[in-house]
Amino acid sequence: MIRTALKTVFAHKLRLALTALSVMIGVAFIAGTFIFTDTIDQTFNDLFDDLFEGQDVIVQGETEFDVGFSGPPPMDADVLDAVLAVPGVEAAEGSVGGMAIIYDLEGEAIVPTGPPTIGGSMTEDLRLAGNVDLRDGRTPEGSSEVAIDARTAEDNNIAVGDVVKVQTPTEVAEYEVTAIIGFGESDNLAGATFAGFELATAQRLFELEGQYSSIVVIGEEGTNPDLLRSSIATVLPEGVEAVTAADESAAQSEALSESLGFLQTALLVFALVAVFVASFIIQNTFRIIVRQRQKELALMRAVGATGGQVVWMVVIEAIVVGLVASVLGIAFGFVIAQGLTSVMAAIGFDLPSTTAPLATRTIIVGVAVGLGVTVAAAVLPAVRASRIPPVAALQDVDVRLRMSDRRRTIIGSVVLVAGVALILNGLFGDILDLGPLNELTAIGVGALMVFLAVSMLSSLIVKPFARFLGWPLPSVDNLTGTLAVENSVRKPRRTATTASALMIGLALVAFFFILGDSIKASAGAAIEEGLRADYVVSVTGFSGGFSPALGEELAASDEFDAVTSLRFGFWDRDGSDEFLMGIDTETVDRTIFLGVTQGSVAALGEGGVMVHEDTMSDAGWVLGDTVPMGFATSGLQQVPIVGEYTENGIVSANFLVGLDFYEENFEGFGTDVDFVLAAKAADGVALEDSRAAIEAAAVDYPNVEVRDQAEYRQSQEDQVNQLLVMFNALLILAVIIAVFGIANTLALSIFERTREIGLLRAVGMSRRQTKRMIRWEAIIVAIIGAALGIVVGLFFGIVVTAAMGAQGIDVLSIPSVQIFGLIIFGAVAGLLAAMLPARRAAKLNILEAIAYE
Amino acid sequence: MTSTQAPLTGAIAARIDNGAKIYGEGDTEVRALDGVSAQFESGRFTAIMGPSGSGKSTLLHCVAGLDVLSNGKVFIGDIELGSLNDKDLTLLRREKVGFVFQAFNLIPTLTARENVLLPLLIAGDDHDEQWFEQVVGILGIDDRLSHRPSELSGGQQQRVAAARALVSRPAIVFADEPSGNLDSKSAAELLDFMRRAVKEFGQTIVMVTHDPVAASYADRVVFLEDGKIVDELLDPTPDSVLDRMRQFGA
Ligand SMILES: Nc1ncnc2c1ncn2[C@@H]1O[C@H](COP(=O)(O)OP(=O)(O)OP(=O)(O)O)[C@@H](O)[C@H]1O
Ligand SMILES: [Mg+2]
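Those protein sequence lines, which keep their order, are chains G and Z.
Everything in the first sequence is counted per this note's numbering, starting at 1072 for the first residue and increasing by one.
Everything in the second sequence is counted per this note's numbering, starting at 157 for the first residue and increasing by one.
Hint data in this document are derived by calculation from the structure and do not stem from the laboratory.
Quick caveat, the model's predicted, so the values are computed rather than measured.
Hints may contain errors.
Unchecked claim - Derived pair list, reagent style SDA-like, types lysine to any residue, alpha-carbon separation capped at 25 Å:
(1) K1914(G) to K252(Z)
(2) K1366(G) to L308(Z)
(3) K1236(G) to I1181(G)
(4) K384(Z) to L398(Z)
(5) K243(Z) to A1920(G)
(6) K243(Z) to A176(Z)
Claimed, not checked - Ranges of calculated distance between the beta carbons of each label pair, as one might list FRET restraints:
(7) I1482(G) to G180(Z): 52 to 60 Å
(8) R402(Z) to A1088(G): 53 to 61 Å
(9) R1458(G) to D399(Z): 53 to 61 Å
(10) S302(Z) to L1794(G): 50 to 58 Å
(11) N1916(G) to S340(Z): 30 to 38 Å
(12) E1919(G) to S302(Z): 28 to 36 Å
(13) G238(Z) to R1839(G): 21 to 29 Å
(14) S302(Z) to A1439(G): 27 to 35 Å
We put the CB at the ideal spot given by N, CA and C, even for glycine.
Turn these sequences into a full structure, and let the hints steer you where they fit.
Here is the structure:
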C-alpha cells in the first residue's frame, strides 16, 4: 500500500513540487522568524555576558518595578567607600551613564535611526571593564578626552588624535579622541554609538556629580559571588541594592528579549497567515488529485482495497509532501532570517551576521506545522476518495462526492455568523464572556472562521460572479473569452478555493489600507482641531529626549508666545506598563486643545492626574477617585483624579500629569528630558521669523526635528505609511503563495482538459489564443479573489476602526483608489500565475492530447 | 439534385507523395508509413481501411497537418505542408481542414451551436447563417443547438462534430472512425449525411474506418497494410469490401 502511494507521489514530481512549494514558504516564514529572534536573543545574551565579563557584583539603585532600559536611579558616591570596606572585595569602581551624541569630522551629528546614543564613564581598573577593550590608543583622561566605539570610528573615518564634538545633556563640546574601543568581538553595542569619558568628566556631563549610576565589584580570588553579594548588601543604604553580575546580565538580556517578543509574535502571525493560505492550496490540490485518480482509486476498491486503505494512500502522499516541504522550509528559513536581519540593518539595528544554531523548537514547530497543515488539508479529500464506490471504475461518469449546496450554505452561514460574532465580541467586548480566551485570540479565530466561511459560501456565487466579470470579455476576445469564463465556472468549488487563497492576503492588505487611512485621517483631524501651536519639536528615533534648555530658550524668545513641554514616562498600573505625559499646565491651553470636560488644567498644575474620558469610563472612575500609580523612583502613589479630557490625539496618552508631579516621581531617572515641545508663535510675528528662530535654537540639538503643522501632519502620515509598507511586505508572502495556488490549480485543470485543448488546437486555435484563454481564466479567478478580499477587508477595516475610538481613531476613511488598485493588482497576479500553465497549454502536443485517455 | 458547390472533377484536394513516418530508432523503429503515395480528389468520399496498426491514423494526421512526415511531401490544394511553420499550419487547419474524431469531439463548456461554429469563432469570422441552418437541418440537430454536449446522445454529438467539420466549408474533411462509438442506426445516419455532403455540396471527405458497411458509403476505399497502400476499390459495397479484407487477412 505504502509503496503504491509513494510511487504515485514520485510519478508526479511537478505536482509534488508545486504543492510542497506553498507549504514550504509558510514553514520557511515560521522557521525564519524563530531563527531570527533566536539570533537576536543569542546576540544580546552574548553581549551582556561579555559586558559583565569578570565582574562579580553590581551595586545599583533599587527600583519599584522593572524599568527595562531607562536604568536605575543614581546613588551617592560614598556608597563606594562602604563597598570597598567589605571583606573579600578586591576592586570596585563607580560609573555613570547617559545620552551622548558624537559628531563626525564634518560636524554632522551621528544619530542612528533605531539604536540609542550612549555615553558613560570608563573604568580605571581594566579588570572591571568587562569585555570593553582598547583597540587603539589609551583611556581618556581629564575633561577634554573621549573614547569612541570602533564602528562609529570606522564608519566616520575617525582615528585616535582627531578632535570631535560630543553633545551631552549639559553641553556640546570638543574632545580629543584618545581611544577606539571594542566590545569583545563586536565593534559596538547592538548598533548604539558610545562615547566614553573619565569618571569625573562623565559625572559632570551627565549632571551626576557626587553620584554613581552603578558600582562594579570584583571579589578576591576564590570568592563566591553570591556570598559577596550578601555581605555587600548589608552595608548598603536604603534604595540601593546589590545583585550578582550573572543575575544582572540575565535580567538585562531577558528584558531586551521580552521587548522583542512582540516582534516575534507579530512575525509569527504573518507566518501563520501564510500557512493558512497554503492550506487552501493543499486542500485544492488534493481534491483535484483525488478527482483525477477517481477511476484508479475505484479500481483499487474493486479489487479489494478497503476505504481505510484508500484514505491512507492519499494521506501518505500528504505526509510525503508535508515532510519534504517542512524540511525544505526550515532550510529556507535561514534565508528568511538573513532577510529579516538585513531589513533590521536597513532601519539601523546592527546585528552581527552570525546566525543562531537551529533550535530543536524551530524544527519541531516547523515540521509540526508543515506536516500538520498538509495532512489536515488532505484528510477531507482523502475521506471523500474512500467513498468512491467500486462501480465508478466501470462507469464513465464522474462520481459527485461533494457536499450539497444546501449543506454548504447552512454550514457556511453558521461559521460566518459565529466568526463575525467572535470578532465583534473581541472588539467591543461584554456581549459574551469568553473566559480564558483573550480578545486578540478571539478576533484571530473569528477572522479565520470568516475566511473559511467566505471560501465555502463563495462557491455558490462563483458562477454568476464570473459570468458577470466575464460578460464584456467575449466582445473583447470572442471565443477565448467565452471559453475562459466557462472554464472558470466549471468547478465552482475549485475556483472558489483558489480565489479564496488570494482573498485572505488581499483582505488583510485592504484592512491595513483602511485602518491606516483612518489613522491618518484621525491624526489629521486631531491636529486640525487639537493643535493650536504652530510648531512641534520632537525627538528623532529612540534617543529618549532632549534637554529642557531648548524649551526654556524658546519660551524666553520674543518670537514665541507659549512653549509647552511634554515628557514621557512609564508607570506601573496593576502590574502592567502604562504611560503618561507630563505637561506644562501653564501654557498648554494656548498650544494644545485637550477638551477638558471635568476639572481643570489649572488643578492639574497643583498635582494629581487627568484621565481620558474613555479610560475613565472603562475603569469606572469618577472625578476625585484615586488611582494607584507605581513609579520607579517614588514607588506606589495614590494619585487623585483632578480632571477628565476628551482629546488625546496630540498628547497621545490617556494619563496627564503636571511637570512638578512628573519631576517628583521621575527624578534623576534619565527621563527628565523633554519628549515633545509644542510652540506657538507670538502674535504679529511673521512665519519666516518664528521659523528661523526655532530652527536656530534647535541647531544645537541634533536629535530633534522641528515641524510646522503641515509637516507634523505629514510626519504622522509617513509613520503610518511606513508601517503599512512593512505589513504589506509581510503579506506579500501570503499573496505569493496564493499566486502559486492559482498556477497549480490551473496546471492541474489544464492537465484534466488535455483532450479539450488538443481538440481546440486541432480545429485551428493558435498557441497564442490558447495562452490567452488560460490567462483570461486566471485573471477571472484572481479578480474574484481580490473582490472577495476587498469585501472581507472592508468589513474588518470598518469594525476594527469603529472599535478603536478609545485609541484616538475616530474617523473612518476608506482609500478607494488603493482599494480599487487591489483589483488591478489581483488581475496582474492572475496574469503572473497563468504564465507557466499558459505556456504549457500552448505547447501541448496536439496528437498526444487527442490520443490522451 | 441541386448542388451548391459543383465538384471540380479531377482537382486534387490533398495528396501525399512517397510519405514515410518513422517512430523510434534501431530495434524499436516502427515504420508507421512506409512510402505512401495517394491523391484525394475534390468532391469525393474516400475511405481508408486496414488492420489495426497499419498506419491509418498516422496517414490521416500527416495529411491533415496534425503531424509531420519523416520523409516525403504532403499537399493540401497546392500548399506543401512541410514548408509551413506552426502558426501557418494552425491557420491552414482552421481554414482549409475539418475534423471528426472517434470520440471527444466537442468542447463541454460550449453549446452545440457554438461547437458547430467553433472554427469560425476561433478565427473571429462571420458565418453564413443560411449554410449553417442548412447543415444543422440536414443533420437533425437544429432543435438541440442550445444544449451542452453532456445533454446530447453520442449520435447527436457526432452529428454536431460533423456539422462543425462542414460549416466552414473546408477544402477537405478528415474523419477518424467517426462512427466507431455509435450504434448501427446512429452510424447510418451520420454516414448518410457525410455522403450527402459529398454528393450535394461537393465536400471532400477522407474517412478512416474498420467497418465494411461504413466504407461502402464512400466512393473509393484505400487499403493500407504495414504502412503501405496495398490496394484500392472504387464504388465499394459492404460485400466487396469484406471480400478484399479477407484477401488481405485483415
Ligand atoms: N507516437 C507513436 N510512437 C511510436 N509508435 C507509434 C506512435 N503512434 C503510432 N505508432 C505506431 O505506428 C503504427 C501505426 O499506428 P496508427 O495509429 O496509425 O495505426 P492505425 O492503423 O490507426 O491503428 P488502429 O486501427 O488500431 O487505430 C503502429 O504500429 C503504432 O504502434
Ligand atoms: Mg487509428
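Can you name, in rising order, the numbers of the hints this structure does not satisfy? Hint 14 alone not satisfied by this model.
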